[in-house]
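Spelled out from the first residue to the last, the chains are:
There are 2 protein chains.
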Amino acid sequence: MNDNEFLRACDALIGAPHVLRGADQAHDMAPYLSDWRKRYTGRALAVLRPADAQQTAAIVKLCAEHDIAMVPQGGNTGLAGGATPDVSGRQVVISLRRLDRIRQVDAANHTLTAEAGCLLANVQQAAQNAGRLFPLSLAAEGSCTLGGNLSTNAGGTAVLRYGNARELCLGLEVVMPDGALWDGLRGLRKDNTGYDLRDLFIGAEGTLGLITAATVKLFPRPAARMTAMAAVRTPAAALALLNLAQEVAGPLLTGFELISDFCLQLVSHHFPAQRYPFAQPHAQAVLLELSDNESETHARQLFERLMETAFARGIVEDAVVAQNLQQSQALWHLRESIPLAQAEAGLNIKHDIAVPVSRVADFIDATDPIVQRIAPGARMVTFGHLGDGNLHYNVMAPEGVDAHTFLRQFQAPVTRAVFDSVHAHHGTISAEHGLGQLKRDEAAHYKSPVEVALMRRLKIAFDPNGVMNPGKVLPD
Amino acid sequence: MNDNEFLRACDALIGAPHVLRGADQAHDMAPYLSDWRKRYTGRALAVLRPADAQQTAAIVKLCAEHDIAMVPQGGNTGLAGGATPDVSGRQVVISLRRLDRIRQVDAANHTLTAEAGCLLANVQQAAQNAGRLFPLSLAAEGSCTLGGNLSTNAGGTAVLRYGNARELCLGLEVVMPDGALWDGLRGLRKDNTGYDLRDLFIGAEGTLGLITAATVKLFPRPAARMTAMAAVRTPAAALALLNLAQEVAGPLLTGFELISDFCLQLVSHHFPAQRYPFAQPHAQAVLLELSDNESETHARQLFERLMETAFARGIVEDAVVAQNLQQSQALWHLRESIPLAQAEAGLNIKHDIAVPVSRVADFIDATDPIVQRIAPGARMVTFGHLGDGNLHYNVMAPEGVDAHTFLRQFQAPVTRAVFDSVHAHHGTISAEHGLGQLKRDEAAHYKSPVEVALMRRLKIAFDPNGVMNPGKVLPD
Chain A
-7 MNDNEFLRAC
3 DALIGAPHVL
13 RGADQAHDMA
23 PYLSDWRKRY
33 TGRALAVLRP
43 ADAQQTAAIV
53 KLCAEHDIAM
63 VPQGGNTGLA
73 GGATPDVSGR
83 QVVISLRRLD
93 RIRQVDAANH
103 TLTAEAGCLL
113 ANVQQAAQNA
123 GRLFPLSLAA
133 EGSCTLGGNL
143 STNAGGTAVL
153 RYGNARELCL
163 GLEVVMPDGA
173 LWDGLRGLRK
183 DNTGYDLRDL
193 FIGAEGTLGL
203 ITAATVKLFP
213 RPAARMTAMA
223 AVRTPAAALA
233 LLNLAQEVAG
243 PLLTGFELIS
253 DFCLQLVSHH
263 FPAQRYPFAQ
273 PHAQAVLLEL
283 SDNESETHAR
293 QLFERLMETA
303 FARGIVEDAV
313 VAQNLQQSQA
323 LWHLRESIPL
333 AQAEAGLNIK
343 HDIAVPVSRV
353 ADFIDATDPI
363 VQRIAPGARM
373 VTFGHLGDGN
383 LHYNVMAPEG
393 VDAHTFLRQF
403 QAPVTRAVFD
413 SVHAHHGTIS
423 AEHGLGQLKR
433 DEAAHYKSPV
443 EVALMRRLKI
453 AFDPNGVMNP
463 GKVLPD
Chain B
-7 MNDNEFLRAC
3 DALIGAPHVL
13 RGADQAHDMA
23 PYLSDWRKRY
33 TGRALAVLRP
43 ADAQQTAAIV
53 KLCAEHDIAM
63 VPQGGNTGLA
73 GGATPDVSGR
83 QVVISLRRLD
93 RIRQVDAANH
103 TLTAEAGCLL
113 ANVQQAAQNA
123 GRLFPLSLAA
133 EGSCTLGGNL
143 STNAGGTAVL
153 RYGNARELCL
163 GLEVVMPDGA
173 LWDGLRGLRK
183 DNTGYDLRDL
193 FIGAEGTLGL
203 ITAATVKLFP
213 RPAARMTAMA
223 AVRTPAAALA
233 LLNLAQEVAG
243 PLLTGFELIS
253 DFCLQLVSHH
263 FPAQRYPFAQ
273 PHAQAVLLEL
283 SDNESETHAR
293 QLFERLMETA
303 FARGIVEDAV
313 VAQNLQQSQA
323 LWHLRESIPL
333 AQAEAGLNIK
343 HDIAVPVSRV
353 ADFIDATDPI
363 VQRIAPGARM
373 VTFGHLGDGN
383 LHYNVMAPEG
393 VDAHTFLRQF
403 QAPVTRAVFD
413 SVHAHHGTIS
423 AEHGLGQLKR
433 DEAAHYKSPV
443 EVALMRRLKI
453 AFDPNGVMNP
463 GKVLPD
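Same order as they appear, the protein sequences are chains A and B.
What the first sequence shows, in the working numbering, is residues -7 to 468, in sequence order.
What the second sequence shows, in the working numbering, is residues -7 to 468, in sequence order.
Excised from the complex, chain A in its bound form (with noise of 0.2 Å):
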């Protein structure tokens, strides 16, 4: 079968329309083959956008019987390179986006099933419309997909209380790499009968199957949220206000994120219009949220508790608490406006770690003057999921250096000694973005021979051909 042959019958399984091919095409299929970071540009043979599991399942068996590579994507909002093609242009898109359907929501049950390529804020939406909640949340919520979400085992910023996209999931529908459905739908607490494959699909990046839909947990909705900044000195005084809001707050803690001062000034300066929250400069501030099923009055009650002990202490300097919604909504934006601010001043070296929570002031401690070492001058852009001991551990060029020559001469040591030190601390070179195209080196690199040849038994042992997603999480 040449690949006009192969090109017709994915025609006669999905429909020509969704048959994306060709120089007509270009046009069309771009926006399929770069991140959006536009980091990653591959090519495709084509562009399948099945409707369906049942074609989904199908296009997969014909790609497989003509040893054709899949790429599955869903709203292509990866941040290292996982859903883009390579370069060869033999390699198809399966895009997830048409499978976009609500199958069931049980309240009673506090499940919902979905499709892969629902929007995950269409996901949280139809939670709500049954009056309950869908934790997820992330800054992509508008464009990224479930099934993305879970192939990446998304993160964001209620992780502490509700855990992360794996936790979140019950059962799953995979087309496994030969075009077999698995039909593992189920809104179970408990179930005891096997291997877990569930958790095998999520957080494989697409590598061992194609995920089509997913039954995922829902909660109660809180009654209200109390959001705050909290001014410290340190690190370490941010993690004893963690461990202090755990104690008084217990599963109402949903949030704790560490913002360092540098963080809220890069803010400020891009965007004058969000205030630095407090009246005067202080090392580290934390924001802070609980949710509370009991009522506003509760919430605010044990907030203030909670605050009034952390001064008693002295481990807060200052503090503000938002009054309302809006204001709630304000410190969040401060939160959610550093990578742009980031990104308005130019290139910078990310990284995406996790250290283990009580060990996450002595990585910052004994990893910044690593890095000054190595760029001196170079200005530190430390933020992140504290609760989680998750920090997006960023380093930008000394001020008035050109980010272009600071990136050349320094990503490679710089990130180097990051991982290192990460390394060192127990930690992951990963923590949320997973590995996809730009870390699947680096993974390798820091995993025991052990682990990466257990990793390598169970992709052959699912995808002998090599045919799914091929080049991501594994070194080839």
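What the hints contain is simulated information worked out from the structure, not anything from laboratory work.
As the structure is a computational prediction, the values presented were derived from the model and not from experiment.
Please note: incorrect hints may appear among the correct ones.
Claimed, not checked - If you anchor each label on the Cβ, the simulated ranges turn out as follows:
id, chain 1, residue 1, chain 2, residue 2, range
1, B, Gln321, A, Gln321, 43 to 51 Å
2, A, Arg448, B, Asp16, 41 to 49 Å
3, B, Gln319, A, Ala99, 30 to 38 Å
4, A, Val442, B, His19, 37 to 45 Å
5, A, Arg297, B, Gln117, 28 to 36 Å
6, B, Gly7, A, Val442, 38 to 46 Å
7, A, His437, B, Gln96, 45 to 53 Å
8, B, His415, A, Ala8, 54 to 62 Å
9, A, Asp310, B, Gln319, 43 to 51 Å
10, A, Asp354, B, Gln117, 27 to 35 Å
Unchecked claim - Some chain B residues close to chain A (C-beta under 7 Å, calculated; not the full set):
id, residue
11, Gly186
12, Tyr187
13, Gly195
14, Gly242
15, Pro243
16, Asn285
17, Gly381
18, Ala423
19, Leu446
Backbone N, C-alpha and C define an ideal beta-carbon position, used for all residues, glycine too.
Position chain B against the provided structure of chain A, taking the given hints into account.
This is chain B only, laid out in the frame that chain A set:
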């Protein structure tokens, strides 16, 4: 290498006193060769008791090289025969009980690392000594081990709030079937660097590798707990109370057990010291518990609000609220006495099933009449973790009928009908006890061929020679 040479090689690796074998040591070996309910009894070439992970790896490597099948064993409290050798006398039991050290407690990271042979109660105690809670709790906690809990993905009475063993585990150390040691002992809340090996070993009942240590999550210790027994008319009313409790108490709701009136009567009958909790009989009872991080006062207020609303809506007919720890323990003791009272009453047909929480009442309403048609007059002993959709749906001989005769006649058809109904309600035939030998074939019967094939591929990928706990989980 003949048997004697093999055993001497074992002696050299772990010391002769820890290699039990032969007629001389039959008495010492016996406890390792039967499960505690004495449903399965096997034989063994030897019982090997390594002292640490390195010795375990060495002994596994030796067995693998000589194609000797291994049966890992923890506290030997399993309910499905997963830790009992076959009758050939060619297998060895590897007891992990000497791997009993708490390696590390990191209170600020809310983690603890312990070896597989640690008793669950000792892990709980180590957490408590550090001012933290390890919430996994089940009847066998004084004799079961952490490794066994993870290998069977144990559930227990606090799954509703804290999750099952899987959700409590962050990292593992595992000896692979060829003797390679995988160090996956990570104390990280986020780590997206490839395939989720950890969850593959959890619930695999020692068929993919042998867990030697684990890093588990700890939690702040609650300040107070509230326990009550509420009388309701039907399982549907119990579900309405569950929904209300989840709305009012959110994540503070820790336990929610359904107990039919017949179960309480059975306990009162066989253990007269345990009084029936209500002034008059009610068809169903619910044991519910909140654990509160704030205060006794707050817990009581929340609880009173919940019960007032439940009475006002006509969901609850009566309620007994524990006024102190002793009364709380007495209510739990009632619940925990059900299996003991059943044992006093004679053998019965046991099922550990789960369905979506929303379908529990439908399941009972649909299945009770089916059982009655097959075995008229059979008495239903229905209780379990309603919050997880998990019922111990047990069937007892009619009044005056010999239990053995009843089982001989009805066990097979009743279990088939119950499992068929579970399957029709999108449930599972093993919610928290695993498969072992007991439900291995039944699970394969209800799973799709695609799923069984995927499980088999995993087994072959990790244990190509089938030396690690063969005959468990998957049919040979």
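Here is how each hint holds up against the structure:
Take B:Gln321 and A:Gln321: their Cβ atoms lie about 46 Å apart, and the range 43 to 51 Å holds. Taken as a hint, the range 41 to 49 Å holds for the pair A:Arg448 and B:Asp16, whose Cβ atoms sit roughly 46 Å apart. Here the CB-CB span from B:Gln319 to A:Ala99 is close to 34 Å, well matched to the stated 30 to 38 Å. Against the hinted window of 37 to 45 Å, the Cβ-Cβ separation of A:Val442 and B:His19 comes to about 39 Å, which satisfies the hint.
Look at A:Arg297 against B:Gln117: about 30 Å separates their beta carbons, and that is inside 28 to 36 Å. For the pair B:Gly7 and A:Val442, the beta carbons lie near 26 Å from each other, so the given range of 38 to 46 Å is not met. Look at A:His437 against B:Gln96: about 26 Å separates their beta carbons, and that is not inside 45 to 53 Å. Between B:His415 and A:Ala8 the C-beta distance comes to about 41 Å, which lies outside the given range of 54 to 62 Å.
Our hint of 43 to 51 Å for A:Asp310 and B:Gln319 holds, since their Cβ atoms are close to 46 Å apart. Hint check: A:Asp354 to B:Gln117, Cβ distance near 28 Å, so the stated range 27 to 35 Å holds. A least Cβ separation of about 5 Å between B:Gly186 and chain A falls short of the 7 Å threshold, and the interface hint therefore holds. A distance limit of 7 Å between C-beta atoms decides the matter here; for B:Tyr187 the minimum to chain A is near 5 Å, and the interface restraint holds.
The interface hint given for B:Gly195 holds, since its Cβ lies 6 Å from the closest Cβ of chain A, which is under the 7 Å cut-off. Given the 7 Å rule on beta carbons, the hint for B:Gly242 holds: about 3 Å separates it from the nearest Cβ of chain A. Because the smallest distance between the Cβ of B:Pro243 and any Cβ of chain A comes to about 4 Å, under 7 Å, the interface hint for this residue holds. Look at B:Asn285: its Cβ gets to within about 3 Å of chain A, closer than 7 Å, so that hint holds up.
For B:Gly381, the shortest C-beta to C-beta distance to chain A is roughly 6 Å, which falls under 7 Å, so the interface hint holds. A hinted interface residue such as B:Ala423 counts as satisfied when its beta carbon comes closer than 7 Å to some beta carbon of chain A; here the least separation is about 4 Å, so the hint holds. Because the smallest distance between the Cβ of B:Leu446 and any Cβ of chain A comes to about 6 Å, under 7 Å, the interface hint for this residue holds.
Of the numbered hints listed earlier, those contradicted by the structure are 6, 7, 8.
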